[in-house]
Amino acid sequence: MGEPTPSFGGGGSKGESGGDYDYLIKFLALGDSGVGKTSFLFQYTDSVFNGKFISTVGIDFREKRVVHRVPGPDGSMGRSQRVHLQLWDTAGQERFRSLTTAFFRDAMGFLLLFDLTSEQSFINTRNWLTQLQTHAYCENPDVILCGNKADLEDQRRVSEDRAREMAEKFGLPYFETSASTGQNVAKSVECLLDMVMARMERCVDKSQLPANKNGLNNNSRGKGLEYGEQPPSGSSCPC
Amino acid sequence: MNPDFDTIGKTFVQAYYARFDQKASRPEVAQFYIPGQSLLTFEGEQFMGQETIHKKLNEGFPMGNIKRAVTKVDCQPTADGGVLVFVLGQLQSADSEGDKAMGFSQVFVLKTDGNTWFIQHDMFRLAIHDFAA
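Protein chains in written order, with UniProt numbering: chain V, 1 to 239; chain C, 1 to 133.
Honestly, the hints are just simulated from the structure, not real lab data.
Think of the CB as a built atom: it goes at the ideal place given N, C-alpha and C, for glycine as much as any other residue.
Hints are not guaranteed to be accurate.
Residues from chain C that face chain V, not an exhaustive set, calculated with beta carbons under 7 Å [to be verified]:
id	residue
1	E43
2	G64
3	S93
4	D99
5	K100
6	M123
7	L126
For lysine to any residue, the following SDA-like pairs were computed, each having C-alpha atoms within a straight-line distance of at most 25 Å [what the hints assert, rightly or not]:
id	chain 1	residue 1	chain 2	residue 2
8	C	K56	C	T7
9	V	K26	C	H129
10	C	K55	V	S33
11	C	K56	V	S118
12	V	K26	C	K100
13	C	K56	V	R126
Using the sequences and the hints, build the whole thing.
What follows is the structure, encoded as structure tokens:
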């Protein structure tokens with residue numbers, strides 16, 4: 001999975017935002033300044049599509065087409081779905097602490113990054129998780145934790161064990177990534193996509209779509225989500 | 001009302017950002033604020049007094065050197081002899097490649113003790129329209 005689909009329409013970027021896909025999925029990259037969010041997304045989308053920057057909202061987004069294969073009930077290769085992935089990046093405004101909570105709400109999955117060479121960025125992932133629980137569309141959205149800059153082994157300040165322990169505590173898949181070498185970059189994004197797609201499948205199966213997004217907030221807190229039962233990291237995620 | 005309001009406002013803006021935009025000299029902007037009195041609203045967060053503001057703008061602001069373009073500065077004399085300054089501009093991290101230019105606006109109310117000008121009020125916002133509730 002994960003190979004880019006051939007471009008549609010032949011008009012260069014024209015097909016990018018056209019309607020020829022089955023799902024539009026939005027991910028948001030989070031984490032302290034300098035952990036490598038932009039480079040990470042660049043590595044994932046490089047040479048596929050250019051990034052776009054909306055200066056008035058202070059958000060950068062990159063797009064990529066992928067094909068997601070749904071495993072059949074007996075483990076066989078199931079249907080394939082064309083997914084248009086939008087990867088949102090806060091592009092530096094987090095330095096000013098003006099959290100764009102509106103984008104938290106719109107994202108379906110989150111890439112939470114820290115820098116393996118910065119202990120503080122690791123400690124701060126807890127704050128980011130708290131922010132997520134408050135502002136995301138539900139209390140336990142799909143999140144993956146990435147310890148980035150894994151190529152800088154000699155400068156490492158956070159051990160893999162410690163990071164895994166923390167990830168386990170919060171029920172998050174953990175990856176050691178390097179935006180520089182590409183290590184685990186595609187794998188981690190694909191894992192998040194699997195989680196989000198599995199959640200959507202569960203919604204569809206149970207007809208528990210968030211029918212009225214605007215009216216749900218009264219009972220969405222404290223009760224968990226409307227999206228059906230857990231566990232959130234279902235069996236479809238290979239990590 | 002002070003007839004030199006425009007010169008005072010624009011000179012101040014230059015002097016202030018010249019210090020603020022270099023990480024090394026940013027601590028010096030503390031001298032513009034009045035101990036116990038000055039008010040800063042930074043991205044909606046309130047700070048009062050020179051020391052608190054100093055802390056916010058240094059330890060509490062993880063930004064290195066800044067590239068800044070001041071687009072417009074509007075000034076008015078206030079009734080009590082001070083100067084009201086409105087700034088519109090753009091800024092960008094000078095040392096982090098992924099960061100993009102962002103618009104900002106900032107308002108200052110300056111007051112004088114007869115010799116020196118100080119910041120009585122300071123409000124800063126990035127021009128980001130995220131429609132956050």
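Hint-by-hint comparison with the structure:
| no. | hint | verdict |
| --- | --- | --- |
| 1 | E43 | holds (4 Å) |
| 2 | G64 | violated (9 Å) |
| 3 | S93 | holds (6 Å) |
| 4 | D99 | holds (3 Å) |
| 5 | K100 | holds (5 Å) |
| 6 | M123 | violated (13 Å) |
| 7 | L126 | holds (6 Å) |
| 8 | C:K56 <-> C:T7 | violated (28 Å) |
| 9 | V:K26 <-> C:H129 | holds (19 Å) |
| 10 | C:K55 <-> V:S33 | holds (19 Å) |
| 11 | C:K56 <-> V:S118 | holds (22 Å) |
| 12 | V:K26 <-> C:K100 | holds (21 Å) |
| 13 | C:K56 <-> V:R126 | holds (22 Å) |
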